[in-house]
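**Student:** Listed below, chain by chain, are the residues.
Protein chains: 2
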Amino acid sequence: MFKSYNIVCMKQDKEVTIYDIADYLNISAATVSRGLKDHPTINKKTKKKILEAAQKLGYRSNAFASNLRTKQSKTIGVIVPRLNSYFMSTVIAGIESIANEEGYQLIISQSQEDEQKEAANAITLFNSRVDGIMVSLAANTKTTDHFKPFLEKNIPIVYFDRVVETPDSLTISIDNYKAAFEVTQHLIDKGCKRILHLGGNVNRNVYADRLAGYKAALKQAGLPTPDNLVFFSNLSEDAGVEAANYINNLKQKPDAVFSANDTCAAYCMIRLKQLGYKIPGNFLFAGFNNDPISKVVEPNLTTIAYPGYPMGQIAATHLINHLKGIADISSTNSVLLRHELIVRASTQK
Amino acid sequence: MFKSYNIVCMKQDKEVTIYDIADYLNISAATVSRGLKDHPTINKKTKKKILEAAQKLGYRSNAFASNLRTKQSKTIGVIVPRLNSYFMSTVIAGIESIANEEGYQLIISQSQEDEQKEAANAITLFNSRVDGIMVSLAANTKTTDHFKPFLEKNIPIVYFDRVVETPDSLTISIDNYKAAFEVTQHLIDKGCKRILHLGGNVNRNVYADRLAGYKAALKQAGLPTPDNLVFFSNLSEDAGVEAANYINNLKQKPDAVFSANDTCAAYCMIRLKQLGYKIPGNFLFAGFNNDPISKVVEPNLTTIAYPGYPMGQIAATHLINHLKGIADISSTNSVLLRHELIVRASTQK
Chain A
1 MFKSYNIVCM KQDKEVTIYD IADYLNISAA TVSRGLKDHP TINKKTKKKI LEAAQKLGYR
61 SNAFASNLRT KQSKTIGVIV PRLNSYFMST VIAGIESIAN EEGYQLIISQ SQEDEQKEAA
121 NAITLFNSRV DGIMVSLAAN TKTTDHFKPF LEKNIPIVYF DRVVETPDSL TISIDNYKAA
181 FEVTQHLIDK GCKRILHLGG NVNRNVYADR LAGYKAALKQ AGLPTPDNLV FFSNLSEDAG
241 VEAANYINNL KQKPDAVFSA NDTCAAYCMI RLKQLGYKIP GNFLFAGFNN DPISKVVEPN
301 LTTIAYPGYP MGQIAATHLI NHLKGIADIS STNSVLLRHE LIVRASTQK
Chain B
1 MFKSYNIVCM KQDKEVTIYD IADYLNISAA TVSRGLKDHP TINKKTKKKI LEAAQKLGYR
61 SNAFASNLRT KQSKTIGVIV PRLNSYFMST VIAGIESIAN EEGYQLIISQ SQEDEQKEAA
121 NAITLFNSRV DGIMVSLAAN TKTTDHFKPF LEKNIPIVYF DRVVETPDSL TISIDNYKAA
181 FEVTQHLIDK GCKRILHLGG NVNRNVYADR LAGYKAALKQ AGLPTPDNLV FFSNLSEDAG
241 VEAANYINNL KQKPDAVFSA NDTCAAYCMI RLKQLGYKIP GNFLFAGFNN DPISKVVEPN
301 LTTIAYPGYP MGQIAATHLI NHLKGIADIS STNSVLLRHE LIVRASTQK
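Heads up: the protein sequence lines correspond to chains A and B, in order. Position 188 (the first sequence) corresponds to 188 in UniProt numbering; numbering is contiguous. Position 49 (the second sequence) corresponds to 49 in UniProt numbering; numbering is contiguous.
Please keep in mind that the hints were generated in silico from the structure rather than gathered at the bench. Do not rely on the hints blindly, as some may be mistaken.
Same chains, same label: a pair holds when it works inside one copy or across any pair of copies.
[Unchecked claim] Straight-line Cα separation of at most 30 Å, DSS-like style, residue types lysine-lysine; simulated pairs:
#	residue 1	residue 2
1	Lys48	Lys153
2	Lys48	Lys278
3	Lys74	Lys324
4	Lys74	Lys56
5	Lys295	Lys273
6	Lys74	Lys148
7	Lys37	Lys148
8	Lys215	Lys178
Given the sequences, and given the hints that come with them, work out the whole structure.
**Tutor:** Given below as structure tokens:
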């Protein structure tokens, strides 16, 4: 079956050229070439005939050869930790909306939270000659040496969400420190005195900054920050359940929990409720991200709105404006987006 | 600022060739070329020197030129309705995991549920000379004429989730009819006699088949299916709230609700609870997809597990095996994945 298919395939695979269109219309190849480029010397009627013939014969503009000439591939590489995360898929949707409008294509890949895979993806994108890349770092990434080849070729890099400060690249994020400070202050304002933090991997700015903002708010309020009031994990569903069990076993219970993401907060709440605790009766609860589950879990979760879609749009706009020579990203160090504290039932005593 | 940057850029943009590596190492270009291709006539030590020099000088394998020769771009195009949907991002994560392993890159785009944008994305992918495409159709897509240029060039098309039967393409989905039949039968088994369906756009197989499966189960049980027991919408959060208001205004209330997705089910439940109804006391509830919110909404939602990640992996494997000549997709019409009814508290009377 496959063999006979291959024969048909080979026959049809012959690429249609401007010479085929010229033969078909009995005009010169130069006229066809100009017609396809909308050259002013070719009249409308002829252009129409050429375009119709091109479509009929299945002509494809030679994007590859043209890219070789212009040295632009009109592609942007994207590396994220995981594609199947609500936040990341929302950012990518925002990136795509701008890239699509501007005629750029997105090549996407996921590091699966692993530095080595991130480095391998970077090499592949480099060899694909992307015009620029947008990166959100893997949990365990220690260096950004694997992005050096891009910098050496002046291929722009935009880091978003999980960023790293470098002299050459643009970073786009929210002020995670300030946002965490505000959440913690909100809990303090509600009268909480023992606030437990569910923290992520502090290799990454987002989790390090949220931890720092939490500590700063406690310090300013003169509240203690004993080590046993911070529970580190990968912030997964399972980690939420573990955190609840940890809280259940603490001799001196917290009166509030601030989680560095909504998933971990929600599953921690659900488990604590199973264990007989009341929320917000026994513990006020706050998360981070404003994921869909934060509006569904009971009680609805107080959280930080992290604008994923506009983040993607802004990151793509900066990168493409740089590629077009409209605005140089190397003159900007970082862009901070607005966040917002959303107060819901989980912190209403 | 930008001008001086451009000068640096031009200088560094000169592409490093095998001749530069040859000069640098004082060996022949032919040796460099063979070394980079891991040719057996070149000894290990020389290969290592060549690779190190290539890395140091910033050599990029000429993927473009090489693609022009082999007529393969090693890229796969993907068109989905929306990237920021839990289900779609999970499928894409599955596709990426296989494509990455097999050395293919993914170019992704979203139709934003619009046929015209889907057609425009198809043209762009066609001109980018992707080796194959994977498509999940927009809500309002009426024809697949915009994919004809691919078929005419024997560029394989795999439809997934929202599919269309064509003689030339492979479709990958679950048996939506059977899954909906099973959900409805489950509600009938629980003693329900007036089951309301929250349906989607029946242009798309997924929603048409779920409606048909629901009707077939009712018919088999000898239960009536009056028109006012089907509520059509776009299955969004807002549609869930509207559906709840619709149910609240029905003179003869249903005793169960089967929604074609989890989002609509969850927001319908939340609104009905606000209106004072008990779930499952007044209405049993079932959804579809097994989205994260189905495990968080109270009561937890009975639903159909729709395996997005394996669907993406299987779709990518079929397409890539076809491209490699290992297995011809044109000999297979459709692939059905296993679904599973997950019974949770929302249908426990």
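**Student:** For each hint, tell me whether it holds in the structure or not.
**Tutor:** Quick rundown of the hints versus the structure:
no.	hint	result
1	Lys48 - Lys153	between (41 Å within a copy, 23 Å between copies)
2	Lys48 - Lys278	neither (71 Å within a copy, 64 Å between copies)
3	Lys74 - Lys324	both (11 Å within a copy, 27 Å between copies)
4	Lys74 - Lys56	both (26 Å within a copy, 26 Å between copies)
5	Lys295 - Lys273	both (17 Å within a copy, 14 Å between copies)
6	Lys74 - Lys148	both (21 Å within a copy, 25 Å between copies)
7	Lys37 - Lys148	between (37 Å within a copy, 24 Å between copies)
8	Lys215 - Lys178	within (11 Å within a copy, 54 Å between copies)
When each numbered hint is compared with the structure, a violation occurs for hint 2 only.
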